[in-house]
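Asks: Protein chains in written order, with my numbering: chain A, 1 to 372; chain B, 1 to 372.
Each hint should be verified, as a subset may be incorrect.
[Said to hold, decoys possible] Distance condition first, Cα-Cα at most 25 Å in a straight line; then the derived PhoX-like pairs of lysine-lysine:
1) B/Lys47 x A/Lys47
2) A/Lys47 x A/Lys82
3) A/Lys289 x B/Lys82
4) B/Lys203 x A/Lys324
5) B/Lys368 x A/Lys82
6) B/Lys76 x A/Lys289
7) B/Lys47 x A/Lys324
8) A/Lys47 x B/Lys324
9) B/Lys82 x A/Lys324
10) A/Lys47 x B/Lys368
11) A/Lys324 x A/Lys289
12) A/Lys76 x A/Lys178
13) B/Lys42 x B/Lys76
14) B/Lys178 x A/Lys76
15) B/Lys42 x B/Lys82
16) A/Lys76 x B/Lys324
17) B/Lys368 x B/Lys283
18) B/Lys203 x B/Lys178
19) B/Lys76 x A/Lys42
20) B/Lys42 x A/Lys324
21) B/Lys324 x A/Lys42
22) B/Lys324 x A/Lys82
23) B/Lys289 x A/Lys42
24) A/Lys42 x B/Lys47
25) A/Lys324 x B/Lys324
These aren't lab readings, by the way, just hints derived from the structure by calculation.
There are 2 protein chains.
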Amino acid sequence: MTGFRIINRDTGGDARRGQITTSHGTVETPCFMPVGTKATVKGLTPKQLEDETQSQIVLANTYHLFLRPGHELIEKLGGVHKFMGWSGPMLTDSGGFQVFSLSSLRRIEEGGVTFRSPIDGSSHHLSPESSIAIQETLGADIIMAFDECTPHPATYKEARDSLELTARWAQRSKDARKRSDNLLFGIVQGSTYSELRSLSLEKTIDVGFDGYALGGLSVGEGQAAMYDVVEEFGSQMPEQTPRYLMGVGTPEDLLVAVAAGLDMFDCVMPTRNARNGMYFTHKGPLSIKQARFREDPEPVDAQCNCYTCSNFSRAYLRHLFVSKEILSSVLATIHNLHFYNQLMTGMRAALEKDEFLQFKNGFLADYKSQEL
Amino acid sequence: MTGFRIINRDTGGDARRGQITTSHGTVETPCFMPVGTKATVKGLTPKQLEDETQSQIVLANTYHLFLRPGHELIEKLGGVHKFMGWSGPMLTDSGGFQVFSLSSLRRIEEGGVTFRSPIDGSSHHLSPESSIAIQETLGADIIMAFDECTPHPATYKEARDSLELTARWAQRSKDARKRSDNLLFGIVQGSTYSELRSLSLEKTIDVGFDGYALGGLSVGEGQAAMYDVVEEFGSQMPEQTPRYLMGVGTPEDLLVAVAAGLDMFDCVMPTRNARNGMYFTHKGPLSIKQARFREDPEPVDAQCNCYTCSNFSRAYLRHLFVSKEILSSVLATIHNLHFYNQLMTGMRAALEKDEFLQFKNGFLADYKSQEL
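Bound conformation, chain A alone (with noise of 0.2 Å):
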C-alpha cells in the first residue's frame, strides 16, 4: 500500500510529522530530496549516498531522461532504480520546469510543448499524456503532473492564464495515469497573488491528487515573497495528503516551510554548491577556497559527523579544490547532503518531542553566527 499518515503533529503551529509509503520503501517525513539530474547525483555512488548521507529519496529529472538516454532505453534496462542502481523510493519531476528554463524555441499550446534538445537542436513535444507516460516509464514511486512553471515576474493575467492552464493540464496528467504503484502529485502555481494561490489550489484539489506540490516559487521572486506564499498556503494545502515546496532551499528555507506545514522538500543547492567549494555547516555556509583556511587542521564543521568532517581537515578540502580534484566535489557533496538531511533529522526529532520551535530557533541562532 503506497500513501501518507501523520505521526505527530506540531501543537504550537503547522508543523508536522509523518510518514510516506512507496513501492520502494518508506520516506519519514519532513524529508530532503537529493537531485539525481541524469540519473544520478552528480559524484556520489549510489552507496555513498545511502551510508554517508543517510539519503531516504532521490529525485530524477523527467526532462534529461527523455532526452538521454531516453526513457524506453531506460524501461528496457529494467526502470530508473535498477539503471541508477538505487533501490530506495524515487520521484521524478513532469519535465516542465525544464522545458521552461533549458529549452530554447518554446511553443507553448494547449495540447503541449513544443521544444529543442539543448544537446543536438532536435525538436521535441511534452504533454500532460506524454509526460505521466514517460514518468509511468520511468518508474518513479512517486511522479508529478505537468505544469506551466510560471515565470517570475508575471503579469496578474499571465499568472491567471498560466495557473488556468496549469489546471486543465492537472485533469489530463490525472486522467493519463496507468499505473496504481505510484503517488501522482498535483502543483499549484499562482505566482505571488495571494488570490492565484487560492484559486490554482482550489482549481488541483478539485482534480484530486495523491498529494501537492507547491511550484513556482524560487525563480527570482525574492526570499520575501516566496515565505509570503509558503507561510500563507502551507496550513491551506490538503491535511492528509503530503505537502511538496518545489525547489527549495537553505536551510533556514526548510525550517520555516516546514514550520508552515510543508513535507517534502529538494533542491540543487547542497549538490551544486558543494561543487563549487561550498559547505554547509551549523555556523553557517563555508566558502573552502579561501586563503584562511590554507593550513586549517580542523573539520569543515566541528559540529558534523559526517565521513568528510570525521576525516579530513578544511586545509585538504582547500587543497583538493584549489587542485580541482574530482575528489573535492565528492567529498563535499558527502558532507552537504549529510547536513541537509541531519537538518531533516534533527526536524522530526523535535516535531515527536513537540519541541519543533525550539529546534528551529536554536538551529538559526547558531546558523547566523557565522563563527567559522
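Got chain A; can you put chain B on it based on the hints?
Replies: Structure of chain B alone, referenced to chain A:
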C-alpha cells in the same frame, strides 16, 4: 621492523611471492600501487580505495605536493597519511621524473635541477638532499633516491653520463637520509643499453639500498625494448630486497615483469584510462563510449565482482560517460583498480601454489581474445 621477506619462489622461473613490512602495515607482493598524485587517487575516497579496490599501498608524487600545497604544510597537518586520510603504506617518488616530464626551463647541474612551476611559473630547485628531506617531511613509508630520468631516445654517451649522475645522486640521497622508519630505494637507469643498465645496477648496489627500482622505462622506448630490459635485469636485481618497476604498465606488462622477478608496480593507466571511459576487463580493454553498448544490460566484465560490475550495466556506464558525469570517472576507477589488484591477487595465489606460468598463460589467452 621494516623490511622484506620472500614467502615463495616460482620453481620454473624468477617470480616471487613476498611481503614488505612498513611502519603503516604490510604489503603483499607482487603488488600494484595506485597513483595518488596530489594526495588523492582521483575520484575515490580512501574508504573506497580500501573497501572497493582492495588497494594495499598508495603512491604520491613529491613534485606535485612540493609545489602545492607544499610539504611543510603537509607536515604541519601531521604528514601525508593523515593529510589525505590514508592509514596504510605509502610510497613517494623523488620528484625527478616529473621535473623532467612536466616542468619547463629545466637546468640540470651536478647539484640538482632548477625548474619552473607549471602552476605559477615560479622557480624551484630540487637536489638529492632536498628531495629526501621533502619525502621524509611528507612521511611516506617507502621513499626514492633522486635520479635523472634518462630521456628516450638517448645516445650511448648521454645515457652513460646520465646514469653516472644518477649514481652520484644515489649516494647523496642515501647520505641525506635522516629517518629510520622508512625504506629508501635506489633507481637503476641506463636507457635501453644492456651494458649501461649493468653498470647502473652495479653502481646502485654499491651505494646500497633497502630496495631497487628500474627507472627510465615506459618513456617511449616501446614494449619490446622495455621487456628486454625487464627480462634481462629483473632477476639480476638483488634477491633479498624488493624490486620495483616504475611507471609500468598494462596487465600484460605486469605479468611479464612478475615472471622476470619484479615485485612492485605503479602506473596511471588504470586511473587515467578510467576517466577516459576505458575499462580493463578479463577479455581485454573496453571503451564504454561505443554505440554498441547503448542498450547493453550486461556488466562491463562478467568475471568481475567489483562494486561497479555488481551494480551497473554497460548501458548505464555509457550514459554516465556520454553525459560527462563525475560518477563515470568514479565507477570506472573503482573497476580498473579492482581489476589491477585482483590480477595481483591472482598472481600471488598462483605463486603460492607454484602455478604462476599456468596462471599467466591462462590470463593472457583470455585477455587477448577480445571477446567483448
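Asks: Each hint: holds or not?
Replies: Hints and how they fare:
1. B/Lys47 x A/Lys47: Holds: B/Lys47 and A/Lys47 sit about 12 Å apart, inside 25 Å.
2. A/Lys47 x A/Lys82: holds (14 Å)
3. A/Lys289 x B/Lys82: holds (20 Å)
4. B/Lys203 x A/Lys324: Violated, at roughly 41 Å.
5. B/Lys368 x A/Lys82: violated (32 Å)
6. B/Lys76 x A/Lys289: holds (19 Å)
7. B/Lys47 x A/Lys324: The hint holds at about 20 Å.
8. A/Lys47 x B/Lys324: holds (20 Å)
9. B/Lys82 x A/Lys324: holds (20 Å)
10. A/Lys47 x B/Lys368: Given that 25 Å is the threshold and the Cα spacing comes to 33 Å, the pair is violated.
11. A/Lys324 x A/Lys289: holds (11 Å)
12. A/Lys76 x A/Lys178: With a Cα-Cα distance of about 18 Å, the restraint between A/Lys76 and A/Lys178 holds, given a limit of 25 Å.
13. B/Lys42 x B/Lys76: holds (23 Å)
14. B/Lys178 x A/Lys76: Between B/Lys178 and A/Lys76 the Cα gap is close to 62 Å, so the pair fails against 25 Å, i.e. violated.
15. B/Lys42 x B/Lys82: holds (17 Å)
16. A/Lys76 x B/Lys324: holds (22 Å)
17. B/Lys368 x B/Lys283: With a Cα-Cα distance of about 6 Å, the restraint between B/Lys368 and B/Lys283 holds, given a limit of 25 Å.
18. B/Lys203 x B/Lys178: Holds: B/Lys203 and B/Lys178 sit about 22 Å apart, inside 25 Å.
19. B/Lys76 x A/Lys42: violated (33 Å)
20. B/Lys42 x A/Lys324: holds (10 Å)
21. B/Lys324 x A/Lys42: holds (10 Å)
22. B/Lys324 x A/Lys82: Measuring from Cα to Cα gives roughly 20 Å; hence the hint holds.
23. B/Lys289 x A/Lys42: Between B/Lys289 and A/Lys42 the Cα gap is close to 19 Å, so the pair holds against 25 Å.
24. A/Lys42 x B/Lys47: holds (18 Å)
25. A/Lys324 x B/Lys324: holds (16 Å)
When held up to the earlier numbered hints, the structure conflicts with 4, 5, 10, 14 and 19 and fits the remainder.
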